[in-house]
Each structure stands twice: as structure tokens, then as C-alpha cells.
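> Residue numbers (the numbering used here), protein chains in the order written: chain A, 1 to 114; chain B, 1 to 113.
Among the hints, erroneous ones may be present.
DSBU-like mimics (lysine-lysine), calculated; alpha carbons at most 30 Å apart, straight line [claimed, not checked]:
#1 B:57 with B:42
#2 B:5 with A:57
#3 A:96 with A:14
#4 B:68 with A:96
Estimated spans, in silico, between C-beta atoms of each pair [unchecked claim]:
#5 B:113 with A:70: 34 to 44 Å
#6 A:16 with B:14: 25 to 35 Å
#7 B:81 with A:17: 35 to 45 Å
#8 A:96 with B:41: 20 to 30 Å
#9 B:53 with A:38: 29 to 39 Å
#10 A:57 with B:76: 33 to 43 Å
#11 B:42 with A:16: 22 to 32 Å
#12 B:53 with A:56: 24 to 34 Å
#13 B:61 with A:7: 13 to 23 Å
Note that these hints are calculated values from the structure, not bench results.
Treat the numbers as computed from the prediction; the structure is a model and nothing was measured.
Quick reminder that beta carbons are idealized off the backbone N, C-alpha and C, glycines included.
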Amino acid sequence: GAGVSQSPRYKVAKRGQDVALRCDPISGHVSLFWYQQALGQGPEFLTYFQNEAQLDKSGLPSDRFFAERPEGSVSTLKIQRTQQEDSAVYLCASSKSTGQDTQYFGPGTRLTVL
Amino acid sequence: QQQVKQSPQSLIVQKGGISIINCAYENTAFDYFPWYQQFPGKGPALLIAIRPDVSEKKEGRFTISFNKSAKQFSLHIMDSQPGDSATYFCAASYISGRRALTFGSGTRLQVQP
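Take the sequences, apply the hints, and build the full model.
Shown next, in the form of C-alpha cells:
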């Protein structure tokens, strides 16, 4: 029973580079969430998938952010032309059902943009 | 607009004491209020959650108190232990509808031995 895993755990990018962050949810979990956590702050919602469908992307801060979950399992968050303000921990969470259910978080990917 | 306000920002408690963290929310449509615990380098983990049809929920040493009219809820940690030292986040969401959690800004708890 592995939990949610994320890779890489740490990513350093130069300003303007594109990055891709991976999330492996708990097997069989229908729902998947991405959150952004700035240093010393609470997580902020980015986007939500139910299986392969992206049902809510209202939290994505700009069109440089893109997420996908093509087969309803692994998800990738892509950030194009990274900016210094993108530096944060990116958390992925999954939950078993489509209703309000416990969200299980991964350890996050710490992105630093120089 | 900060929809969930959390206080205090940091808290130091002696071992065996009671830790109290408070949250206030603005959106009266919220009807699901979880608390998460986060250790350094780890993702948040659900501690306990409450719905507004009850005023209190207790699980072991952890209790949520909920005041619907005041739009406030709080976490009480009884008999605080050094292993409880972590950052605690309150959150709010909806039982049905939008699934996203809206988090408070966090409280860093330090329990001194």
C-alpha cells in the first residue's frame, strides 16, 4: 500500500525553462488534486481531475501552467517559461471517491527558479 | 481574499499542556472542515474533520469545536507531546460540489519536553 509519490523531489530551474512534475496517486484513486504551497503558507488549490477529466482548473495562476492525467492514473503538472514567483512546493493529493473524501498528499516537489 | 483565517501563527506549549488553534471562515456555504498535520519535508496528512451539523468531534487527544453562528472552529490537542510538534492547517470545503480544499495559513506548534 504505497502512498502518493511525486518526482522529482527537488527541481532547480533557470528562469524561462520549462519543467514537468510527476504525481503517482494511490492505485485506484479516482480523484487527483494539485496544490501549490509557498514557503510558510498553506497549500493553494491549482487543479482537480476525476479520472482523466480535468473538472476544475480555476486555481491555475496563468496559462503557463498546464496539467494532464491522460489515462486516469499518473498526472503531470507542466510549467512553461518558469518565473521566480513559481518557486514553491507543488503537492499532489489523491482521494478514493468522487465525493468529499480524505485527500492523501504526496511529499511534494520543491521547485526553485533562479 | 483570505477565506480561512488561522491563528496563532506559532505556538509553544509544554509537554502535557493543551494546544489550541483557531480558524475563522467567511463563506457560509462551506460545510466540511478538516484539520491537517504537516511535518517538515512531508505532505499534509488528515488529522480530524467535522461537518457543521455537530458542535464537537473528538478523536483520541484531538478535538474539533465548531461554532456555526460565529463561523469559527478550533483544534484542541490535549496532553500535548513533543511528537505533536508540526505545522497544523485548518481547511474548508464542500461536502458536495467543488472538491478543492481552502487552507488556512498554518500554525507552527512546538511542544517542549
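> If any of the earlier hints don't hold here, list their numbers in rising order.
Of the numbered hints, 3, 5, 6 and 13 do not hold.
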